[in-house]
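Student: If you're matching them up, the sequences are chains A and B in order.
Using numbering that gives the first Met the number 0, read the first sequence as starting at 0 and increasing by one per residue.
Using numbering that gives the first Met the number 0, read the second sequence as starting at 0 and increasing by one per residue.
Keep in mind that the hints are not guaranteed to be accurate.
[Claimed, not checked] Here are the computed distance ranges between Cβ atoms for each label pair: (1) B:88 <-> A:241: 36 to 44 Å; (2) A:388 <-> B:396: 37 to 45 Å; (3) B:38 <-> A:290: 23 to 31 Å; (4) B:1 <-> A:76: 30 to 38 Å.
[Stated by the list, open to error] One-sided and incomplete, this derived list gives chain A residues near chain B with beta-carbon spacing under 8 Å: (5) 17; (6) 117; (7) 128; (8) 194; (9) 197; (10) 211; (11) 334.
Note that these hints are calculated values from the structure, not bench results.
The beta-carbon is built from N, C-alpha and C at its ideal position, and this holds for glycine as well.
Residues per chain, in single letters:
Number of protein chains: 2
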Amino acid sequence: MTTALLTDHYELTMVQAAMNAGTANRRSLFDLFTRRLPSGRRYGVAAGLGRAIDAIENFRFGDEELSYLHERGIIQDNLAEWLANYHFSGDIWGYPEGEVYFPGSPVLSVEGTFAECCILETVLLSIYNHDSAIAAAASRMTAMAGDRDCVEMGSRRTQEWSAVAAARAAYVAGFASSSNLEAGRTYGIPTIGTAAHSFTLLFDTEEDAFRAQIDTLGEGTALLVDTYDVESAIRLGVELTDGRLGSIRLDSGDLAIMARQARDLLDDLGATQTKIIVTSDLDEWQIAMLQGAPVDGYGVGTSLVTGSGHPTCGFVYKLVARCDSDNPDGELKPVGKKSKGKNTLGGRKFAMRRRGEDGRAETEVIGLGTPPVNDGNDRDLLVPVFKKGELVYHATLEDARQRHRDSLAELPLAARRISNGDPSLETLILDEEGAETTNPYQAAPVVKNI
Amino acid sequence: MTTALLTDHYELTMVQAAMNAGTANRRSLFDLFTRRLPSGRRYGVAAGLGRAIDAIENFRFGDEELSYLHERGIIQDNLAEWLANYHFSGDIWGYPEGEVYFPGSPVLSVEGTFAECCILETVLLSIYNHDSAIAAAASRMTAMAGDRDCVEMGSRRTQEWSAVAAARAAYVAGFASSSNLEAGRTYGIPTIGTAAHSFTLLFDTEEDAFRAQIDTLGEGTALLVDTYDVESAIRLGVELTDGRLGSIRLDSGDLAIMARQARDLLDDLGATQTKIIVTSDLDEWQIAMLQGAPVDGYGVGTSLVTGSGHPTCGFVYKLVARCDSDNPDGELKPVGKKSKGKNTLGGRKFAMRRRGEDGRAETEVIGLGTPPVNDGNDRDLLVPVFKKGELVYHATLEDARQRHRDSLAELPLAARRISNGDPSLETLILDEEGAETTNPYQAAPVVKNI
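Here chain A stands alone, though its shape is the one from the complex:
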């Protein structure tokens, strides 16, 4: 499928007007960033780059798309011709997928002609605003789960294609697997499943259902034990497998108490290796509350795929610099709007994470001029993604998972608290001369946490 029409109407009319006015080819630089983190969040997680790359490569206007636009009077012949040959030919830098970010972090920087950069706005924002929201929620959940597995099971609670993207974003942020088969097929994410209540109810007895499941899926399967009576179901599952049952799933009631009772019963019956998976409206707080319960895995649905209270990130995509002529070697001049509460920091930026002697991250440094001399502890955050239209970023999902683990491990410990707080790193903005200047973004005062 082409991604070309996953685009706001005005992107094309702006390009049309710029083309007619002779400004469409002015070299331009757009930053994708957020002015603030969702209220109370201590860090963001950059997710979506892999999907953004796919979207850019599939941003193609075929006959069907062009006919639609033309017939509706949205584009004229000169733009139609240009769109028919559209291929992003500029440069893109970005935070590697899985990296954490803070207010003002230039998570993605897109440079090229105004036209070729402008029309990518909507689809890039859609991807980043969704995927990073899910990854941020997932990161808090996996932090609370510690060594226990989190399984993404939220497909049914979000739009069907969002579900696939959500499974991917959750995997970036440490989830072990997903129930979503398209995510398995498309991204190679491990998929798993248990059984639903309907399966038990289909059979004349719970025993028939359990036997059927074990016959086909083996003793290692996960039996759902709360369709009728939990204790009877556990006894039955253990009996049918001679104590070798893989796991049970609890999906209702007070999970802490039920997990304790189930563990005791399983152990009494000799099924000491049988694992306990819990599901049912879990979120990071529920997972934290279950840390003391004998639980082996968490199946998370609604809260994960809706970003646990923050289903979108507030990423914007702003023109921050442009040439004042078509000269491809002309000077990029910083620009920024003055709208109240929505001002933008113009100019090309570098981004680095300043770390202390102990390797602990201390500051997010975003600067407009030459990067300060690296004292050996700083870490550059922007990597090239496209160079002159050619893809140069080839990180895998496993790389993204590793990047997330590493960047999280380096943050102050307070970053991993799920209570509401300020961003765990202060963003330092350096002007062209390298002097510290006001951060226009995070609205609330940024207090550095210990």
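Take the given structure of chain A and dock chain B to it, following the hints.
Tutor: For chain B alone, coordinates are given in the frame of chain A:
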């Protein structure tokens, strides 16, 4: 694209186990419903049926899908063969798209073999949980906007394909148009656009930008006037069009005050026909607060596409009845799980809206037996969608819009209040004998509003 893998892993392993056990062909009935409305909401809006039909018709397992499933050991040969020939052959009834619903309303009922109904669970829930969440938010916004247009502009705040579905759901619930081009192409929804700040910043002066926009898009265009100074921008726009400027867009600051000032200035300048469109984090409350301001249209983004605080609906898909043999003419027996707080009302249901003499809706009647005698005021809610696998529902999006207007108009006036409240209709559950019985769904006591 096939929708076949927009499915949870366990749907296929359950069908595999049932197939091996000889129960996969038991005639079964699944209901899609919600146990409660999102906290504080007074009604739900059934949206997604048109997309659900498309998903069912595109639920096809080709070689690629089957290879993936087979190689991962998710399916065996007998299931692979059955999936290769999958075509839903059963019956589906549903609430027409746009209809309002209440806790327990059987918004969709799917009857067929266990296998063919079971594997549709995930994709049907994904569609309904998303689309109905957006439609419910949209309905509250259009109710507050009254005769003024609401325009869907949220594509960038949600996943890129969710954006298309969101535009459609908002349109069902009364939005006038959308910025999303794919929604325009796929569903024929009117698309519109204004311009972004980047467009103004691209040019050397605001005047150059406005001239370029007017040259290409005509005097009827909408100029974004808050990139620099609002008053100067309005004066400029009026001057360049000799007072015939179509509209201005305000995207920042206190919109009520700014709209008042802009209206006065436009009128002073003789541009009395120029409209004022406002955007910037609008939701139903902001729209309500702007009722007294001289605003002509609302562009709504984030809040709409995230369901205004409720991004998902809580729809579940439950086996409520099944035969105990493969006999296709066998008796459907009610079933229901007993899980704590999650019990299900078994059996085939009818649904009707009971209305008073004045045509005002009074009660949502969901019953298990024969429908009560219609006193002429009752309205049947379920319509056939598929009969023996054949599509028999052909409502258009315009039909859905009309259905939404009509069903909303019939509700008690209190339904349209945006403050938190109970469901505006009580759900009455009738047992097999037609006697009133306990509604197991809405957790909070349902108080009938006046």
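Student: Taking the hints in turn, state whether each one holds.
Tutor: Taking the hints in turn, this is what the structure says about them:
With their beta carbons about 40 Å apart, residue 88 of chain B and residue 241 of chain A fall inside the hinted range of 36 to 44 Å. The hinted range of 37 to 45 Å is satisfied by residue 388 of chain A and residue 396 of chain B, whose Cβ atoms lie roughly 39 Å apart. Taking the beta carbon of each, residue 38 of chain B and residue 290 of chain A are about 27 Å apart, inside 23 to 31 Å as hinted. Taken as a hint, the range 30 to 38 Å holds for the pair residue 1 of chain B and residue 76 of chain A, whose Cβ atoms sit roughly 36 Å apart.
Taking 8 Å as the C-beta contact cut-off toward chain B, the hint placing residue 17 of chain A at the interface holds, the least distance being around 6 Å. Residue-level restraint check for residue 117 of chain A holds (minimum Cβ-Cβ distance to chain B is 6 Å; threshold 8 Å). Below 8 Å, beta-carbon pairs count as interface contacts, and residue 128 of chain A has one with chain B at about 5 Å; its hint therefore holds. Using the Cβ-Cβ criterion of 8 Å, the hint placing residue 194 of chain A at the interface with chain B is satisfied: the shortest such distance is roughly 6 Å.
Because the smallest distance between the Cβ of residue 197 of chain A and any Cβ of chain B comes to about 4 Å, under 8 Å, the interface hint for this residue holds. The closest approach between the C-beta of residue 211 of chain A and any C-beta of chain B is roughly 3 Å, which is under the 8 Å cut-off, so the hint is satisfied. At about 4 Å, the closest approach between the beta carbon of residue 334 of chain A and any beta carbon in chain B falls short of 8 Å, and the interface hint on this residue holds.
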